[in-house]
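One letter stands for each residue in the lines below.
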Amino acid sequence: MTDDDRVFKALADPTRRFLLDQLFARDGRTLTELESGLEMSRFGVMKHLRILEDAGLVVTRRSGREKLHFLNPVPIRLIHDRWIDKYTERQVSALADLKHELEGETA
Amino acid sequence: MTINTGTAVTTQVYRVYIKATPQAIWDAITKPEWTERYGYGGRSEYDDLRPGGAYRALASDAMKKAGAEMGFPTPEVIVDGEVIEADAPRKLVQTWRMLMDPDIAAEGFTRLTYEIAEGKGGITKLTVTHDVEGAPKLAVMITGELEDTGAGGGWSWVLSDLKSLLETGSPMDPGNPLNQG
Numbered sequence: 001m002t003d004d005d006r007v008f009k010a011l012a013d014p015t016r017r018f019l020l021d022q023l024f025a026r027d028g029r030t031l032t033e034l035e036s037g038l039e040m041s042r043f044g045v046m047k048h049l050r051i052l053e054d055a056g057l058v059v060t061r062r063s064g065r066e067k068l069h070f071l072n073p074v075p076i077r078l079i080h081d082r083w084i085d086k087y088t089e090r091q092v093s094a095l096a097d098l099k100h101e102l103e104g105e106t107a
Numbered sequence: 108m109t110i111n112t113g114t115a116v117t118t119q120v121y122r123v124y125i126k127a128t129p130q131a132i133w134d135a136i137t138k139p140e141w142t143e144r145y146g147y148g149g150r151s152e153y154d155d156l157r158p159g160g161a162y163r164a165l166a167s168d169a170m171k172k173a174g175a176e177m178g179f180p181t182p183e184v185i186v187d188g189e190v191i192e193a194d195a196p197r198k199l200v201q202t203w204r205m206l207m208d209p210d211i212a213a214e215g216f217t218r219l220t221y222e223i224a225e226g227k228g229g230i231t232k233l234t235v236t237h238d239v240e241g242a243p244k245l246a247v248m249i250t251g252e253l254e255d256t257g258a259g260g261g262w263s264w265v266l267s268d269l270k271s272l273l274e275t276g277s278p279m280d281p282g283n284p285l286n287q288g
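Taken in sequence, the protein lines are chains V and U.
Mind the numbering: the first sequence is residues 1 to 107 in my numbering, read in order.
Mind the numbering: the second sequence is residues 108 to 288 in my numbering, read in order.
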């Protein structure tokens with residue numbers, strides 16, 4: 001599996017997206033904090049976190065006795081740069097052309 | 108990445124895997140001629156890669172021009188700081204203060220750590236940990252949330268660009284004015 005595959009696979013699950021959203025809202029959380037928002041066993045949450053970690057979307061850090069989970073947005077940035085930009089560029093330039101046309105400018 | 112809501116979380120962690128040697132990544136972070144080639148494109152200088160050595164990032168011509176177009180002056184030195192710990196090519200800890208915006212400059216020095224760990228198959232793991240305690244405005248800027256306002260894409264963008272430069276020999280988007288240091 002490539003890095004991209006791992007990221008897409010990790011994102012293709014509502015629980016894992018929920019966990020990422022939780023970390024986006026407040027970063028550096030413990031497993032206990034993360035599982036409190038989910039109707040799921042601790043092991044279930046750990047399994048999802050492991051998949052997110054393998055994809056590089058979550059990075060853990062030890063702080064004293066606690067293991068903190070941080071959202072790492074870099075893999076999403078890489079996907080964005082590799083895939084999203086490529087397919088949205090044309091739309092954006094089409095909108096820019098439309099704007100020029102409607103405003104009576106020469107594009 | 109961190110967006111503060113209520114409880115203050117003041118550490119941001121960014122990680123990227125790059126097909127390059129630890130030394131190549133170390134050079135890209137610490138050598139002025141490399142630092143001009145990715146991210147914000149400003150030239151970074153370390154006077155001495157030892158504790159106490161001064162660090163500064165200089166504004167590129169493109170940055171000055173972009174600033175002038177938006178109606179604010181760009182200082183010569185846009186980031187300053189000091190080396191706390193340097194263990195080439197594995198670990199660099201330094202202070203870091205953004206000077207481009209007076210409000211952010213007033214937040215003072217933050218702590219930045221680069222960790223470089225060699226993995227399997229020529230892949231090296233680079234982790235950037237930015238402790239932005241007491242610097243909420245800087246914290247927002249380095250997440251890249253203000254990218255649409257011309258403030259750049261933060262650490263995700265810089266590291267994505269660094270990966271592209273080291274793996275392909277050119278930055279992601281050579282057309283980006285901020286990349287034309």
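Think of the hints as simulated: they come from the structure by calculation, not from any bench.
By construction, the Cβ of each residue, glycine as well, lies at the ideal position given by its N, Cα and C atoms.
Take the hints with a grain of salt, since some may be wrong.
Stated by the list, open to error - Ranges between beta-carbon positions, derived for each pair: (1) V:Phe43 with U:Asp155: 32 to 42 Å; (2) V:Arg82 with U:Glu140: 33 to 43 Å; (3) U:Lys171 with V:Ala25: 28 to 38 Å; (4) U:Tyr124 with V:Arg65: 25 to 35 Å; (5) V:Phe43 with U:Ala224: 25 to 35 Å; (6) V:Glu103 with U:Asp210: 34 to 44 Å; (7) V:Asp5 with U:Glu254: 42 to 52 Å; (8) V:Thr32 with U:Pro139: 37 to 47 Å; (9) V:Met40 with U:Lys244: 48 to 58 Å; (10) V:Phe43 with U:Tyr124: 42 to 52 Å; (11) V:Ser41 with U:Asp154: 47 to 57 Å; (12) V:Ile84 with U:Lys126: 42 to 52 Å; (13) U:Thr128 with V:Leu11: 26 to 36 Å.
What the hints assert, rightly or not - Derived lysine-lysine pairs resembling DSS-like cross-links, with alpha carbons at most 25 Å apart: (14) V:Lys9 with U:Lys198; (15) V:Lys9 with U:Lys126; (16) U:Lys232 with U:Lys138; (17) V:Lys9 with U:Lys227; (18) U:Lys138 with U:Lys198; (19) U:Lys198 with V:Lys67; (20) U:Lys198 with U:Lys232; (21) U:Lys138 with V:Lys47; (22) U:Lys138 with U:Lys171; (23) V:Lys47 with V:Lys9; (24) V:Lys67 with U:Lys138; (25) U:Lys198 with U:Lys126; (26) U:Lys232 with V:Lys47.
Checked hints:
Evaluation of the 32 to 42 Å hint for Phe43 (chain V) and Asp155 (chain U) yields a failure: the beta carbon distance comes to about 50 Å. Between Arg82 (chain V) and Glu140 (chain U) the CB atoms are about 27 Å apart, so this pair departs from the stated range of 33 to 43 Å. For the pair Lys171 (chain U) and Ala25 (chain V), the beta carbons lie near 37 Å from each other, so the given range of 28 to 38 Å is met. Judged by the Cβ atoms, the range 25 to 35 Å given for Tyr124 (chain U) and Arg65 (chain V) holds: they are separated by roughly 29 Å.
Taken as a hint, the range 25 to 35 Å holds for the pair Phe43 (chain V) and Ala224 (chain U), whose Cβ atoms sit roughly 29 Å apart. The given range of 34 to 44 Å is respected by Glu103 (chain V) and Asp210 (chain U), whose C-beta atoms sit roughly 35 Å from each other. A beta carbon spacing of about 27 Å between Asp5 (chain V) and Glu254 (chain U) contradicts the range 42 to 52 Å that was offered as a hint. Distance hint check for Thr32 (chain V) and Pro139 (chain U): the Cβ-Cβ separation is about 46 Å, which falls inside the suggested range of 37 to 47 Å.
The hint said 48 to 58 Å for the Cβ distance between Met40 (chain V) and Lys244 (chain U), and at roughly 37 Å that hint is violated. At roughly 27 Å, the beta carbons of Phe43 (chain V) and Tyr124 (chain U) sit outside the given window of 42 to 52 Å. Distance hint check: the CB atoms of Ser41 (chain V) and Asp154 (chain U) are about 54 Å apart, consistent with the given range 47 to 57 Å. Restraint check, Ile84 (chain V) to Lys126 (chain U): a C-beta distance of roughly 22 Å breaks the suggested window 42 to 52 Å.
Remark: the range hint 26 to 36 Å for Thr128 (chain U) to Leu11 (chain V) is upheld by a beta-carbon distance near 31 Å. Of the pairs offered as hints, the one joining Lys9 (chain V) and Lys198 (chain U) is violated, with about 32 Å between alpha carbons and a cut-off of 25 Å exceeded. Only pairs whose Cα atoms come within 25 Å are accepted, and Lys9 (chain V) paired with Lys126 (chain U) is accepted, the gap being roughly 22 Å. For the given pair, Lys232 (chain U) sits about 19 Å from Lys138 (chain U) by alpha-carbon distance, which is consistent with the 25 Å threshold.
Distance check on the hinted pair: Lys9 (chain V) and Lys227 (chain U) sit about 22 Å apart at the alpha-carbon level, within 25 Å; holds. Between Lys138 (chain U) and Lys198 (chain U) the alpha-carbon distance is near 15 Å, which keeps this suggested pair within the 25 Å criterion. Using a Cα cut-off of 25 Å, the hinted pair Lys198 (chain U) and Lys67 (chain V) holds, with the two alpha carbons roughly 21 Å apart. Restraint check for Lys198 (chain U) and Lys232 (chain U): the C-alpha separation of about 12 Å stays at or below 25 Å, so the hint holds.
Restraint check: the Cα-Cα separation between Lys138 (chain U) and Lys47 (chain V) comes to about 41 Å, which exceeds 25 Å; the hinted pair is violated. Taking the CA atoms of Lys138 (chain U) and Lys171 (chain U), the gap is about 22 Å. The hint holds against a cut of 25 Å. A C-alpha spacing of about 14 Å is found between Lys47 (chain V) and Lys9 (chain V), which places the hinted pair at or below 25 Å, so the restraint holds. The straight-line distance between the Cα atoms of Lys67 (chain V) and Lys138 (chain U) is roughly 34 Å, outside the 25 Å bound, and the hint therefore fails.
As the CA atoms of Lys198 (chain U) and Lys126 (chain U) are separated by approximately 18 Å, the hinted pair is consistent with the 25 Å bound. Restraint check for Lys232 (chain U) and Lys47 (chain V): satisfied, since their Cα atoms lie roughly 23 Å apart, inside the 25 Å limit.
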